[in-house]
Amino acid sequence: MHIPVAFRALASAALFTPWDKSQWIASDDTVRNGASHSTLDIIEAGAAGNHFAQSIANFHGNLDYATLGGAGFASQRTVDDWPSLDISAYDTITLEIPFTDGKKYTFNLKDTVPPPVNGVEQSGVSWEFDFQIPAVNHTDGAVEKVVMPLSAFVPTFRGRVQNDTAPLDLTSIKRVNFMIRSFFAEQDGDFELHIKSAIASKEGST
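For the sequence shown, position 119 (counting from the first letter as 1) is numbered 119 according to the UniProt record's numbering, and the numbering increases by one without interruption.
Just so you know, these hints were derived from the structure itself, not from any lab.
There could be a bad hint or two in this list.
Stated by the list, open to error - Restricting the straight-line Cα-Cα distance to at most 20 Å, the calculated cross-link-like pairs of lysine to aspartate or glutamate (DMTMM-like) are:
hint : residue 1 : residue 2
1    : K104      : E121
2    : K110      : D169
3    : K104      : E144
Claimed, not checked - Label pairs and their computed distance ranges (CB to CB):
hint : residue 1 : residue 2 : range
4    : A135      : F184      : 16 to 24 Å
5    : V120      : G70       : 21 to 29 Å
6    : G159      : V120      : 35 to 43 Å
7    : F131      : R32       : 20 to 28 Å
8    : A48       : G70       : 31 to 39 Å
9    : A11       : N118      : 40 to 48 Å
10   : V147      : T171      : 17 to 25 Å
11   : D140      : P167      : 15 to 23 Å
Each residue gets a CB set at the ideal place from its N, CA and C atoms; glycine is no exception.
Throw the hints in and build the complete structure from the sequences for me.
Shown next as structure tokens:
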């Protein structure tokens with residue numbers, strides 16, 4: 001049984017700082033016999049590509065839609081034994097992005113995770129927020145901010161919007177993932193997104 005990690009006493013909270021590669025695993029379209037692949041690497045402070053005093057995450061790989069007829073995806077999700085998060089004290093998550101290739105990405109939250117069947121990960125309802133920033137490579141410590149009101153996350157099942165699902169349980173976020181998808185042949189190829197931090201906050205506190 002996971003006991004949610006709560007941040008109730010904090011005005012804001014960095015959800016994944018410091019970044020830990022062991023807490024992330026690929027969840028790509030290879031589970032449906034696709035050919036997309038992703039990695040989440042940690043760029044340590046002082047290493048090439050990191051202009052900050054702390055580590056940052058590098059979500060990268062290759063997105064292929066041809067194999068599955070236009071519906072490719074690649075993602076990195078938190079591992080099965082990742083502790084749940086209680087973010088009910090907050091109403092916003094902000095991503096700080098120092099580098100992006102300009103492609104469209106998706107940030108997902110899940111409050112339920114179906115058990116695997118014969119070792120195969122099963123689909124469940126995801127609460128999604130799509131974002132796209134013009135290509136940028138900050139080398140001066142600056143970041144682009146993606147402000148994501150929790151009220152703006154959309155419940156989906158296998159990419160289809162769900163209109164009859166229960167509200168997202170912010171007291172027990174069991175899985176988080178960063179995703180890129182083809183949006184039915186809209187984008188493909190190599191991708192790369194750097195994330196300095198993901199910060200939960202109350203509106204007006206950042």
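Violated hints - listed by number, lowest first: 1, 6, 11
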